[in-house]
Amino acid sequence: MERISNADAGGIVAEIARVIVANKAYLSEIDGKIGDGDHGVNMAKGFGRTAEKLDGTESLDEAMSVLSDVLMSEIGGSMGPLYGMMFSGMAEAIEEAWEIDAVLFGDMLQNGLDEVKDIGSADVGDKTLLDAYAPALDAYRSAIGDGKPMAEALDAMRAAAEAGRDSTIDMIAKVGRASRLGERSRGVLDAGATSCSLILGTLAEGVKRRLDG
Amino acid sequence: MAAKAGTGPAAAVGSARSEGGVPLRFGDDLLLWASWLYYEEGLTQSDIARIIGVSRASVISYLADARERGIVNIAIKTEKLRSLTIAKALQEHFGLKDCLVIPGEGGGRSPFESLGSGGAQALRSIIKPGDTIGVGWGRSVLAAAERLSVDGLQDVRVVQATGSTSAHVPYTPAACATAMATAIRAECIPISAPAIVSRRELRDMLVQETPVQEQLASLEELNRIVFGIASLRPNSTLYSSGFLNDTPKFRDAYSGAVGAIAGHYIDDMGRRIDGPLDGRIIGISLEQIAATPQRIAIASGIDKVPAILAALRGGFVNVLITDAATGAGILSADGREIQPARAAATPVPETGTALPARSSVKKFLNTPEDAVDEALEGAVAEHAAFLRPVRDSNRALIARNGPREGKVGLVIGGGSGHDPCFLGYVGRGMADAVAIGNVFASPPPGPIFDCTRAVNRGAGVLHLFGNYSGDVMNFEMAAEMAQMEGIEVSTVVTTDDIASSAAEDRSGRRGVAGNLFVFKVAGAACDRMMPLSQVELLARKANRRTFTVGVALESCSLPETRRPLFMLGEGEMEVGVGVHGEPGVLRQSVETADDTADLVVDRILSEMDPARGDEVALLLNSLGSTPLMELYIVGRRVRQRLKARGISVARSWAGHYCTSLDMVGMSVTMMQLDEQLRDLLDHPSDTPAFRIG
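In the order they appear, the protein sequences are chains A and B. The opening residue of the first sequence carries number 1 in the working numbering; numbering runs sequentially from there. The opening residue of the second sequence carries number 1 in the working numbering; numbering runs sequentially from there.
Keep in mind the hints are simulated off the structure, nothing from the lab. Cβ atoms here follow ideal geometry from the backbone N, Cα and C, with glycine treated the same way.
Under the rule of at most 16 Å between Cα atoms (straight-line distance), these lysine to aspartate or glutamate pairs were calculated in the EDC-like manner:
1. A/Lys-208 / B/Asp-274
2. B/Lys-128 / B/Glu-187
3. B/Lys-363 / B/Asp-662
4. A/Lys-53 / A/Glu-15
5. A/Lys-53 / A/Asp-69
6. A/Lys-117 / B/Glu-476
7. A/Lys-174 / B/Asp-505
8. B/Lys-643 / B/Asp-602
9. B/Lys-541 / B/Glu-675
Covered stretches of chain A, going by a simulated chain B footprint (3 or more residues, C-beta under 8 Å):
10. 38–44
11. 71–83
12. 116–130
Looking at chain B on its own, in the form it has when it is part of the complex:
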């Protein structure tokens, strides 16, 4: 459960702070940050210079600028705080009515003091005459109440949201409500009963008592409620206050809980958890909180991220007051990345600071959800000379010059994101049709079946694709459908990726760039009108003799998330990476091109075990973003090694052949040739991405 709210993502945000740069979580407003530290936290200009990482002169100019631009008007305007990137992101992501994010870093004050100041500031603009405000309890709520002072509001009532406790802490329910009422000169309605009683019957009796009954009734009239959110860490207010018994049995009952609101436990989705407290709480119910028009939560702390997220998901909060680190943690835990700060409009720190770490990858996209269809639309137009849709969908494409009477049909396919794999290999001499899935996901059976039926010319069809469980399942279903129509279908899966499984488990390996060679051999065999059984045997043979190792320097990122799939450290590379970003066999420090080539060649040759005088076909493949220049450098070393081993490179290609979106990395593929394979490799082919003869 805790994994959901993830310390991981939160930590990632924390680490996104590049040394010397503006921390992401302060949004894009350096002026605001400096002003906050100076006017609200009372730091000196030198301290601020140190914290922000700029010279004192810059701080002075920030502050001057801030005054000039009206950010500083003795008090910092709440508007400016709201405008913080994180606040905006939180508001948008969770559909909040309002959100206030305290910069919250720097300054010697405790987090509660800072949060209290922010909370007071927010409440000052929120509370209106005639309000009935429920007040929860906790350190944050009390801190806000203590810093708040509003005069001249008429007819305001403050209602203690939960019953009382005998806890020896300053922030009991009664203390919080009293402090709030005093701060805004409001009438205070306490709850004259314990927050939790020992038995249900006792509760049922107590709430019948006239004063309690009347007090509780006023909870129905709330138009706002201010409350804290409790985490379940051992030193949480919830336990340290003596509000609850911290016994193992009790904790067990609420093991699924990530937090609590007004004494009610909730799970990670904000759902109530039933337990021993049921029917024993006197005070506001979760339903009553949810029904209150304005629900203001004041809470911060990285340890509270899961609890706050749960409260947001459960709809218990529509105004959130938190600090920047917590806000960033919440967003991150819910999968939302914050756009990085752009400091260009503000004074640029004078030293050579690092660029802020990018968390969102730039791409040429319209709507991410449309990326696959739009790319296919473009590709089909681009390669119209070679292929066309089988029917009305670009998810099943057939070669214009491919299928013919008596020829085995070759159907390939796979997920999108590997261009020019797979549609680039459709045309005379290679595949007759291709079925295309979503990004990195196998096509469903429908398009595969459409392809199969369309290329069948009485000699049967070969299904040829990379070995992934999704592809295997979908192609299998399509094959069954085709067989029901009397179409003979054979299947070969490519398994050239050495890193994906041990040599003994060849059939468990995945198919990567070696696809090219296997497609080529099988396509040539089809084009030469060989029977299905022989095409299948040759495809298997080509696959058996093809070996690939990939190395990634940077992760790819999916169109829909624009976030790296995995993170490689500054000086790290991943050896044996898959074309979907699957982790490889080892992660090690980045080597020179030659050392990397050696590593790859060693692995390939140890599996291939060639004899002197053998020939190979070589494929130097970019995984997306690695330029040809680097492929040439690596290829140079690969050739040196092969020469030293007495192996000749009979045929070779370098470029983009089987990519992984925008991954920075390359793969090296070798197919051990014999007369027959070389002959089939040399057979003419004419496809968008592979032409021979």
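Next comes chain A alone, as it looks inside the complex:
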């Protein structure tokens, strides 16, 4: 069974933070088209501050908990709670584990997704981060279910997150600020789905790189 060590994987959160900070302007620009243009700024603030707090010795669940705390207590907006709960859900699923294998990783993703759904009011298809997250989890699960190696499942997860992100272009926003635009929200990527696909893609890459063997 392929697995990564929880204790050695905290660096993934720093990698995610780097990607988010690097995409600050891009995320804000997307957000500006149908939102208020601060998605990148707020995300970079939260993830950047987390990166400063991490010293590289954390386990994956510890690092995720630090990220969650910063997002929940300092960021606000809608992304603070949504991503805050997502990462706390993920952390919770793995906090007892020494090692994260293909099944546990799936459970971790599931727990994160459940938390997001719980606090938010959106469904898949509403042009939110769920549209990147849900298909990514499905793709991962079904690859594992088909007996594919974990690395392949992670690739599938990343690809599905990106495809999911792109699918939001044709959607009409049903929740959040953009929802008031109705038809005018069509034709633009959802900023949350975009940041979510960056997060999940980087997560998948980070795990893949750490797989033994």
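Given chain A, put chain B in place with the hints provided.
The following block gives chain B in isolation, referenced to the frame of chain A:
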């Protein structure tokens, strides 16, 4: 993916060229531009006058000035080109070691010729004795090599960076390397194998062959590499050269790619994309390129912006040679605006030219990231008579004269950028505490909870805020936290913005300037010691009877970006705009104040459906930059309309009550009054921004 590198931003830069003015992308140096066109492009003074949009006399004076100031020394100094604003911005933004930007507009030469001249000029100062230089292939690289001639360099080697192709183009890998070696009198090391072979095993065998092995080994010794960046458009060198098979299946495999370097596909972040070419390329690898100390990319073209940006992000380039339009496009696609040209120091064109379009909004700020905290620090000091921090953070403020035993506590809150909303409404008779978030972002649960706990005096707490998903989530979490401590919390969200959703979906509408009336009514009810259930009912009633429509003339800009959130055309206005710059219901040509007022009044009255003899409270609110003068003009017409309808304005206010940073625009709010609401509106209140009695 293409959306990222965005034709949008690039186009925006292109359009930033104001007629008659100096195009932004030429930086601030008119002299340099004129000199380039004259000496490098060989244009006549009249042609230059036409292109720059000044008189021929001005051109003559530019050129004279340029000679005098040593810009022109027969050849234009590369230093001057580097000093172009765009080059500087690119260097800074991407941490480049060097950057050369060719003015690149005007003149009859093809883009490759101009770029080649610039590239040759740069290489002349870059190449040193003892160098081992890798040379990629493509039109730009060949153009640079053909224009380069350097004598007297010792011990220089040129290494062909990729294997060879049989393509019927002049700029094959071998041709490029040979031309470069000839230009600098260097030894040329070819790669005696195809760039791409049909099978992996074949590659593995070929690279074992002694000559190839030796040639490839020299790629490990590069101290510089010069290469082009391929875009993936259909007529890209990559395909037209026959370097690759342009089959649908092949393209599918690389659908995530935005460009290619030395035959390696990369995605928008500059990461390698795996595909059918894996293990079949003979030549330099991406890792080898990244490991080469100096990595010089020569590339231009708006269609290449995504590819160049990806290469920059991937760290494959530390010296960039491009043209101004492309450079501006790259910066723009990565979210960086270029400071506009300031032509004041250079001769001013004589005709009445338009001011250059501003792309960066001027603001009184220190560090943008500190704007919210510094503003709060100032506001808390300014209004110290009314409020103080609940604990040690200015993100949760409590009224000095508010909470008292047995009184329902009123907690309001929201993002920053709406001043005097929300903290201006904290004080006796209105809110007891306010939680404040970042610009346009809800506060997190922490400060809301702190406020809730601080104002609870045994009669429960009302959470009252605008209806935005972020606020709803954060207040909900804070309410849960408070309820766990046994504090009774009720929640009312304001939904007065007519434009934000249809009448049937009242609960989906957002809360805007009507906040003022709802806060006032709820605060008065609290101050009169009404029980929580009744306060809640009254807040709902006030909200139900309050309607707002906003109209924007210009976008606001966030402190951290200083860029407009949205663009309205010269003669356009946005009707129904939200206080975060959310687009409204329609964009139309700017009307007179009276026509605009009519539009707004029509919408409000059709929803309110008042009877003759009804009374309203009226709020004429500036969204930030619209002056009181204009509010009065609009208000005058609003009153005329109401009078004609037999409605009296019982109470009214005009000014800044719920703003959207520096947005130019206004909103009109009306609350349909009854005895009870008017009474509560008249109840004394004493807050920084709203005083009654």
